[in-house]
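Sequences and hints are given; from them, build the entire structure.
The chain contents come next:
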Amino acid sequence: MSTLYGMLLTDVRFVEGLNACMNCGVCTAICPAAEFYNYDPRKLLNQVQLKDESIIEELLKSETIWYCGQCMSCKTRCPRGNTPAFVVQALRKLSVKLGFFVESEKGRQQFAIKRTVGENILKYGYCVHPEAVAPSMHPEQGPVWQWVHENAPSVMERLGASYQKQEAGTLRKIAIEDLDELQSIFDVTGGTEMFETIEKYSAQQAEKMKLEFNDQTPNEYFFNVYTEDNHNHQRNL
Amino acid sequence: MNSQNPLHTESRWRKYQKEIADDHYYYARSCIRQNFFPGSERAFLKIMREELNKDIFDDPRHTTCTGIAYHSDIVPQETTSTVIARHFALMTEMGYQNLAISCVTSFGLYTELLETWKHFPEEETKIHEMLWKATKREFVKPKNLAHSSDIFFHNREQIAAKSQFNLINQKTGESLKVVEHIGCHYAKIFPEKGVGGAEFPYVLAGMVESWGGNVVDYPERRHCCGFGFRNYLVMANRGYSVANSKKKFESMKPYEPDFIVANCPGCSMFMDRWQYTIAEMEGTTYGKNGYGIPVLTYEEMAGLVLGYNPWDLGLQMHQVSVEPLLDKMGIPYNPDEKYKVKRNVALPLKPEILMV
Ligand code: SF4
Ligand code: SF4
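Protein chains in written order, with my numbering: chain W, 68 to 304; chain R, 4 to 359.
Misleading hints may appear alongside valid ones.
Unchecked claim - Derived DSBU-like pairs (lysine-lysine); straight-line CA-CA distance at most 35 angstroms:
hint : chain 1 : residue 1 : chain 2 : residue 2
1    : W       : Lys267    : W       : Lys277
2    : R       : Lys129    : W       : Lys118
3    : W       : Lys232    : R       : Lys353
4    : R       : Lys57     : W       : Lys190
5    : W       : Lys128    : R       : Lys129
6    : R       : Lys250    : R       : Lys291
7    : W       : Lys190    : W       : Lys275
8    : R       : Lys57     : W       : Lys232
9    : R       : Lys121    : W       : Lys190
10   : W       : Lys232    : R       : Lys343
11   : W       : Lys232    : R       : Lys291
12   : W       : Lys110    : R       : Lys343
13   : R       : Lys345    : W       : Lys190
14   : R       : Lys256    : R       : Lys341
15   : W       : Lys190    : R       : Lys341
16   : W       : Lys190    : R       : Lys256
17   : R       : Lys291    : W       : Lys190
18   : W       : Lys164    : W       : Lys232
As the list claims (entries may be wrong) - Pairwise CB distance ranges (calculated):
hint : chain 1 : residue 1 : chain 2 : residue 2 : range
19   : W       : Tyr72     : R       : Gly286    : 49 to 59 angstroms
20   : R       : Gly293    : W       : Thr284    : 57 to 67 angstroms
21   : R       : Glu326    : W       : Thr294    : 31 to 41 angstroms
22   : W       : Glu295    : R       : Lys174    : 26 to 36 angstroms
23   : W       : Ala87     : R       : Gln100    : 34 to 44 angstroms
24   : W       : Met276    : R       : Gly286    : 29 to 39 angstroms
25   : R       : Val344    : W       : Val82     : 45 to 55 angstroms
26   : W       : Gln250    : R       : Lys174    : 50 to 60 angstroms
27   : W       : Asn299    : R       : Ala164    : 38 to 48 angstroms
28   : R       : Gly333    : W       : Thr284    : 46 to 56 angstroms
29   : R       : Lys174    : W       : Lys110    : 36 to 46 angstroms
30   : R       : Gly98     : W       : Ala87     : 39 to 49 angstroms
31   : W       : Glu217    : R       : Lys144    : 18 to 28 angstroms
32   : R       : Gly286    : W       : Asp296    : 38 to 48 angstroms
Said to hold, decoys possible - If you only want the chain W side, here are some residues facing chain R, beta carbon under 7 angstroms, derived:
hint : residue
33   : Val79
34   : Val255
35   : Phe280
These are calculated hints, taken from the structure and not from any lab test.
We treat Cβ as the ideally placed atom computed from N, Cα and C, and that holds for glycine.
Spelled out as structure tokens, the structure:
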């Protein structure tokens, strides 16, 4: 199936997530993203169920689909058994696949997440790692975290962790064979392809925006997508 | 009336109970808990083995489940499912059937995977094939999924029987006022898989009550901490994250809680760090005398109750000082030991506003 709606239907999350929305707005009432951003999951589900290709394409290129915080509060509450968060996941996946994500400020951020959390997974075997939470990129972590980050081996040793050691235990070094298995899973299941897609379209977008782009993190494009805020995202502002 | 019939109430309450395996667990560690609360995972294993005499296997081959990447939409569902299936395979190879999961995000995903396979059996076949192709491993689905807090809940009276300290203010004799936060993915995705469901959060409340404390039921009790995955991971979006935590702090403040206990490692970290951020940004603090409200993981709470040294538990890694709570509980501690490590290192700097 080559329609956008048809492509969405190949994602089980989409099938699970959208039965028939009756526009009651319960999801919007409980949604923390709707409270903060110019975002309305009720409207989103209704737009999608119209099956109008041009509306779906517009959504895939929009800021709208990137606001959801995936808290899943909507899943508990929808009286029709819909899960707006699942529909959002399917829309985001398709937006990345088709390269539409670089057309919105919030969508472009996928590149920063891929370069940080994504690469941590294959490098360390963890989504986050003490070396990777740099205080310069995480000022909100405060001075105690800075102390931990700068003295990680000593602090972790004090707490009986297996930091940087190849043995069982907290924060152990993941063995190369296990990292190889992760890489192999990424290759077989489409994870590697998704990373490459994010890289490809981001490189093209960087060129359009005349920003430096290379294998180093951070680079100029990374900084741009990681920090840029046009201040048009919030409600009542 | 039916609702006043205790038997009826009991049968209704049963809907909110879950089956929690009694022994022999394979431990699924958490990226965030290990990173920010390494002492908690260590304490969990110690309590399981030494206090509760349980068998729990800690496997060096276990990795991230990719959950943070999954919910920020940089990896496909098949990738996350196959990484989790690999964990099932490692568990199977070691002869275990019960999982003890240290992370609420992982717990939600492991549960979602098993539920999805019920509705879409072809997805399970696909993941078996993908895992085989990628790793030559095979798996049997776990019999029981417990979040690691479920297991403490299950054994809360045994822990109470060994307690050295209670959740009681030693000066006034009154129960401490505790805010609990179970984390969205613990019960909002599959309410029947969490103790008390999404409506009657009881996994932490049960521990608090058994150990002498009182749970504060405040308006925003069930609101998200604000992690929001991409809404925290990218600097430009962090206003979302801090705004949600602030909403909770404002709502709990009038009840003057003595501490917050959280189920999810992410929530624990955010509720600690955002209090610092809000103090430095706008001068607001939520505890007494310019301090914050201490935030504990349930392992830390159990460890304190059992009389473990606060600095062995890793409470020095919190930005909000825990000393006001230790003083109330009458727990002795040596301030000079707090930041002591083997090498001689400088102490952490002090925040400008938040008292520490
Ligand atoms: S709660 Fe469900 S039915 Fe109501 S608007 Fe939201 S998705 Fe539609
Ligand atoms: S999962 Fe997303 S859409 Fe659903 S309530 Fe949370 S933020 Fe809103």
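Quick rundown of the hints versus the structure:
This hinted pair checks out: Lys267 (chain W) and Lys277 (chain W) have alpha carbons roughly 15 angstroms apart, not beyond 35 angstroms. Distance check on the hinted pair: Lys129 (chain R) and Lys118 (chain W) sit about 28 angstroms apart at the alpha-carbon level, within 35 angstroms; holds. Only pairs whose Cα atoms come within 35 angstroms are accepted, and Lys232 (chain W) paired with Lys353 (chain R) is accepted, the gap being roughly 31 angstroms. With a CA separation close to 33 angstroms, the supplied pair Lys57 (chain R) and Lys190 (chain W) stays within the 35 angstroms bound.
With a C-alpha separation of about 31 angstroms, the suggested pairing of Lys128 (chain W) with Lys129 (chain R) holds against the 35 angstroms cut-off. Taking the CA atoms of Lys250 (chain R) and Lys291 (chain R), the gap is about 19 angstroms. The hint holds against a cut of 35 angstroms. For the given pair, Lys190 (chain W) sits about 30 angstroms from Lys275 (chain W) by alpha-carbon distance, which is consistent with the 35 angstroms threshold. A C-alpha spacing of about 26 angstroms is found between Lys57 (chain R) and Lys232 (chain W), which places the hinted pair at or below 35 angstroms, so the restraint holds.
The suggested pairing of Lys121 (chain R) with Lys190 (chain W) holds, with an alpha-carbon distance near 33 angstroms, which does not exceed 35 angstroms. Note on Lys232 (chain W) and Lys343 (chain R): the hinted pairing holds, with a Cα-Cα distance of about 21 angstroms set against a maximum of 35 angstroms. Restraint check for Lys232 (chain W) and Lys291 (chain R): the C-alpha separation of about 41 angstroms exceeds 35 angstroms, so the hint is violated. Taking the CA atoms of Lys110 (chain W) and Lys343 (chain R), the gap is about 54 angstroms. The hint is violated against a cut of 35 angstroms.
Proximity of Lys345 (chain R) to Lys190 (chain W) is assessed by CA-CA distance (about 28 angstroms); at most 35 angstroms being required, the pair is judged to hold. Taking the CA atoms of Lys256 (chain R) and Lys341 (chain R), the gap is near 28 angstroms; set against the 35 angstroms cutoff, the hint holds. Restraint check for Lys190 (chain W) and Lys341 (chain R): satisfied, since their Cα atoms lie roughly 32 angstroms apart, inside the 35 angstroms limit. Distance check on the hinted pair: Lys190 (chain W) and Lys256 (chain R) sit about 41 angstroms apart at the alpha-carbon level, beyond 35 angstroms; violated.
With a CA separation close to 43 angstroms, the supplied pair Lys291 (chain R) and Lys190 (chain W) exceeds the 35 angstroms bound. Taking the CA atoms of Lys164 (chain W) and Lys232 (chain W), the gap is about 38 angstroms. The hint is violated against a cut of 35 angstroms. For Tyr72 (chain W) and Gly286 (chain R), the hinted distance range of 49 to 59 angstroms is satisfied, since their beta carbons lie about 51 angstroms from each other. Range check, Gly293 (chain R) to Thr284 (chain W): Cβ separation about 38 angstroms, and the 57 to 67 angstroms hint is violated.
Checking the proposed 31 to 41 angstroms range against Glu326 (chain R) and Thr294 (chain W) shows it holds: the Cβ atoms sit about 36 angstroms from each other. At about 52 angstroms, the CB distance of Glu295 (chain W) to Lys174 (chain R) disagrees with the hint of 26 to 36 angstroms. The hinted range of 34 to 44 angstroms is satisfied by Ala87 (chain W) and Gln100 (chain R), whose Cβ atoms lie roughly 39 angstroms apart. Met276 (chain W) and Gly286 (chain R) have their C-beta atoms about 38 angstroms apart, which keeps the hinted 29 to 39 angstroms range intact.
Restraint check, Val344 (chain R) to Val82 (chain W): a C-beta distance of roughly 52 angstroms satisfies the suggested window 45 to 55 angstroms. Between Gln250 (chain W) and Lys174 (chain R), the C-beta spacing of about 57 angstroms keeps the proposed range 50 to 60 angstroms intact. Under the hint 38 to 48 angstroms, the C-beta atoms of Asn299 (chain W) and Ala164 (chain R), about 58 angstroms apart, miss the expected range. In this structure the hint that Gly333 (chain R) and Thr284 (chain W) lie 46 to 56 angstroms apart at CB holds, the actual value being about 48 angstroms.
Restraint check, Lys174 (chain R) to Lys110 (chain W): a C-beta distance of roughly 54 angstroms breaks the suggested window 36 to 46 angstroms. The hinted range of 39 to 49 angstroms is satisfied by Gly98 (chain R) and Ala87 (chain W), whose Cβ atoms lie roughly 46 angstroms apart. For the pair Glu217 (chain W) and Lys144 (chain R), the supplied restraint of 18 to 28 angstroms is violated, since their beta-carbon distance comes to about 43 angstroms. A C-beta distance of roughly 23 angstroms is found between Gly286 (chain R) and Asp296 (chain W), which places it outside the suggested range of 38 to 48 angstroms.
Among the interface hints, the one on Val79 (chain W) holds; its C-beta lies about 5 angstroms from the nearest C-beta in chain R, closer than the 7 angstroms criterion. For Val255 (chain W), the suggested interface contact is upheld, since its CB lies about 4 angstroms from the closest CB of chain R, less than 7 angstroms. The beta carbon of Phe280 (chain W) comes no nearer than 17 angstroms to any beta carbon in chain R, farther than 7 angstroms, and the hint placing it at the interface is violated.
Hints 11, 12, 16, 17, 18, 20, 22, 27, 29, 31, 32, 35 from the earlier list are contradicted by this structure; the remaining hints agree with it.
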